[in-house]
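Visitor: Residue numbers (the working numbering), protein chains in the order written: chain A, 1 to 325; chain B, 1001 to 1280; chain C, 2001 to 2338.
Hints in this document: simulated from the structure, not taken from any laboratory.
Check before you lean on any hint, since a few could be wrong.
[Unchecked claim] Here are the computed lysine-lysine pairs in the DSSO-like style, where the Cα-Cα straight-line distance is at most 30 angstroms: (1) K1015(B) with K70(A); (2) K3(A) with K273(A); (3) K135(A) with K145(A); (4) K273(A) with K2038(C); (5) K2117(C) with K2128(C); (6) K1169(B) with K98(A); (7) K94(A) with K1015(B); (8) K1169(B) with K314(A); (9) K273(A) with K304(A); (10) K1015(B) with K98(A); (11) K70(A) with K135(A); (12) K3(A) with K202(A); (13) K2097(C) with K2117(C); (14) K94(A) with K1168(B); (15) K99(A) with K202(A); (16) K1168(B) with K3(A); (17) K3(A) with K157(A); (18) K145(A) with K2298(C); (19) K99(A) with K1015(B); (20) K2038(C) with K202(A); (21) K3(A) with K1015(B); (22) K3(A) with K135(A).
[Unchecked claim] Restraint-style ranges between C-beta atoms, simulated for each label pair: (23) S2086(C) with V1271(B): 35 to 41 angstroms; (24) M1018(B) with N2067(C): 23 to 29 angstroms; (25) A2071(C) with L1039(B): 39 to 45 angstroms; (26) N156(A) with V1034(B): 50 to 56 angstroms; (27) R2114(C) with M1020(B): 37 to 43 angstroms; (28) N2067(C) with Q271(A): 49 to 55 angstroms; (29) N156(A) with A1014(B): 50 to 56 angstroms; (30) K273(A) with S2086(C): 28 to 34 angstroms; (31) V1271(B) with A2300(C): 30 to 36 angstroms; (32) F1128(B) with R91(A): 49 to 55 angstroms; (33) I1117(B) with R92(A): 47 to 53 angstroms; (34) R91(A) with A1166(B): 39 to 45 angstroms; (35) A2071(C) with A1014(B): 28 to 34 angstroms; (36) W2090(C) with K273(A): 57 to 63 angstroms.
[As the list claims (entries may be wrong)] A few chain A residues facing chain C, derived, Cβ under 7 angstroms: (37) P16; (38) H160; (39) S163; (40) D193.
A virtual CB, placed ideally from N, CA and C, is assigned to each residue, including glycine.
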Amino acid sequence: MDKVMVHIDNIVRHFPVKSSLAALFSRGQAYVRAVDNVSLEIREREILGLAGESGCGKSTLGRLLALLDKPTQGVIRFEGTNITDMLGQRRRLKEFRKKVQMILQDPYESLDPRFTVHDAISEPLSIHGIRSAPKLQDRIEKMLKVVGLSSNDVLNKYPHELSGGQRQRVSIARAMVLEPRFVIADEPVSMLDVSVRAGILKLFDHLRQQFGVTCLFISHDIAVVRHLCDRIAIMYMGKIVEVGTRDEIINTPMHPYTMALISAVPVPDPQYKRTSVPLGGEVPDALRVPSGCRFHPRCRHAEKICRSEEPELKDKGGRRVACFT
Amino acid sequence: MNLTRKGRFIHELAKQRMAMTGFFVVCLFFLIAVFLQVLPVPDPFALSLHPFHLPSGEHWMGTDNLGRDLFSRVLWGTRASLLVGVLSAGLSGVTGIIIGGIAGYYGGWVDDLLSRITDVFLVMPIFFLLILIVSLFGSHIFFVIFSIGLVTWPRNARIMRAQALALKKRAYVTAAIGSGASSFRVLFLHVVPNGVSPVIAYTVILIGQAVLVEAGLSFLGLGDPNVISWGQLIRSGQQSFASAWWISFFPGLMLLVMVSAVNFFGDGLSVVLNPRMMRR
Amino acid sequence: MAKDGNNTLLEVHDLRMHYRLASGAVLKAVDGVTFSIKRGDKLGLIGESGCGKTSLAMTLMGLLPENAFIAEGRIFFEDDDVLSFSPGQWREFRWEKVSMVFQSAMNALDPVYRVGKQLTDVYRLHRKCSKEEAMKHVESLFHLTGLPVSRLSSYPHELSGGMKQRVIIAMSLLCNPSLIIADEPTTGLDVIIQEQIMREIVSLIDQLELSMLLVSHDVSVVTETCNRILVMYGGKVAESGDIVDVFNNPSHPYTMGLLEAFPNIHGPVKGLVALPGSPPNLALDLVGCRFAPRCPRKEALCEEEDPPETLLHGNHVAFCHFAGEPGMKWINYRELNG
């Protein structure tokens, strides 16, 4: 069993809602519980997939881990150190940033349009004290090679001169140039053409092999997650409902939501007969969270206890499921 | 055609004919102001024996009440106008960018405080405030520049603040923060450069306004008496306007041409710098 | 002209639709596309960004921007020459014969009007009838698409993504068209809703005996819902045919690469394939096979001559100089990816 790198203990992130309508419904402040009591462990050198539909809180969780946002409650431990309150401590935060980096979804927005590829990748290095031109050049060229770009081609180009796939590779190079220990990738391939995606996914695998970097791969596309990740965690309405190895989750899902999710993924094979688990209703409004288990209104197996109590993540043969049935 | 951003920008700008005309006129004025000493014009201070002389072959714009060649005086006035125009607009722009950028980016109480201050300045009547300042503190030309700059920055600050508010949510800003960049760095290396275009466009137009304000002040006798300026010239020709119209006319004409040219250019610039151009 | 008489609904012959760019160049978005749709067909139009599929869909609906023009080609719908329509004829054609389900509700629903009103307004534009009659018709469509009638008085922003998409589907069915063009109808929706919506769309199409042109970049969705597929690349057709044929025997290198690039959640966990390079710049004058620069099997011929149409089996055709040849089975992109 690999060592655990990141401990997420009962993390909560509430967003106060300012609209007057919400105030009408509840006395006092209404909250959107984007991340509600999440506990998770991320192991060294693994690629953990965090999957779920839009609004489930996965991006928020990613930002919390990257310390781009502060949790309302709970503790995050990175390599043993409690980092939850680090946002206010500038020097420690800067050190942390060397070790934990985030890759964002939109290749078209992640790069400053006024920075050349060289500028973009050298910025993290300059911030952290590496400023001599030859040193910068050396590290940038090495990194470009790692991500599969030729520095002759792209070094002095601006983002608008590059394709989506190339831009994403530059973003990855920028994130990796400080050789972080942990990378959080938030939907890194969702906005890319399909024929380009595989290259980026391979790159993540390659990075893990070459740098030993741990990766949290956030995506709404379970099929993509399956092709890259060792373990998968499924989120629904701010909570983690199931965690397991890739094969366990995909082939033998235990939580009803996971089952519905997997069975709903279309299969590119005209001869495959997919039987889907029909799921009624839609994701409820974030302000009107169902009582008890959040999933119970849409669950076929819902029982009385599901309406009143929230299930906790329990170990069931090596993986963890939050369900009473 | 795979033009660089600069290339595209210049290409689009060149298509705006009025703006380019304005630009060339301003350049012309600029060259005059810079190379004034080597230009073959008569000494603007030289008194002659032909006061109130009509425009003629010898004196292209005639002479003023003391027989000084008006043409050369008008050309010398270019210096004062451009100096005041460019420097005060520049001061206004820089102040506005800094204050607006900080307010928009940091938000919270910083924004509240700076916005209140901006609002206060915004409602002040510029001209009267300037009259007050100059009357109290003197009319040295740098004072005039300073005052104009100080009073006109709020509009620029508002523009920059709006830009900063929008830009701080961009992914590349998040990425910079994630790399460990200090707020200062993020603000002045990422947010400001990407949001500064409308400020630049407005600042160019401000140049024209500053020139007018300076002319106004000089016309009222509040400008720097040691510097030849168009307002001053117009004032000097006021009394004798009925008979020697050219003394006020030519400086006035120059003023009109300069300010129009600057405005045309500023207009064209703001069309081209429209955010749509910046995105891919 | 239609050969099958009643059975062929839409015929497109060598359609070329170009955009005039500000720089003076011409972007050949659709460069010689020929296909037909029979009654009851569900044709999936597959391709990635820049291949011309959305331009093609827009051309069929006559929804072209100002700088777009038809350079060549004909479109026949039930024997009518569509490209020669007058504006009046277009009005009758759009929504009554062919209607569109747009990609996002933002493209189709006006945020300041209630949805019921928007639908009745559209209906009354095409059919002269009273408000009550229109409302009744809209209500029946709501039933059909599974929307609660109470939602007729909602504003678009009060509806969830899935509901908005159902409203758009209802809107497309208002005037009983024969052909529905669905342009990426579920892109941006979560997978569970996507599955519901696609299932509903297909069931409606079958129930009402309509035909469908599904434009998508998602091979999985197309494979599950369509019976025929047309793969576009660089403004041209790369391969087309019955879906089972194309899937089992892809004969164009691009199709092979595309199919390998799509993760199958139930297949083996093999590595995914990435296609090197990027789509061609359609503003340039291109010669030869559009895919040649990225093709692992390209030869000199490919860069000089446009590939001819090779008939493979029944409906199945591919545009490749070497289509169907023994050495062309399943080009190993994986090997090339290294």
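Visitor: Hints the structure violates: just list their numbers, smallest first.
Guide: Numbers 1, 2, 7, 8, 9, 10, 11, 16, 17, 19, 20, 21, 22, 25, 26, 27, 28, 29, 30, 31, 33, 34, 36, 37, 38 - these are the hints that the structure violates, sorted from lowest upward.
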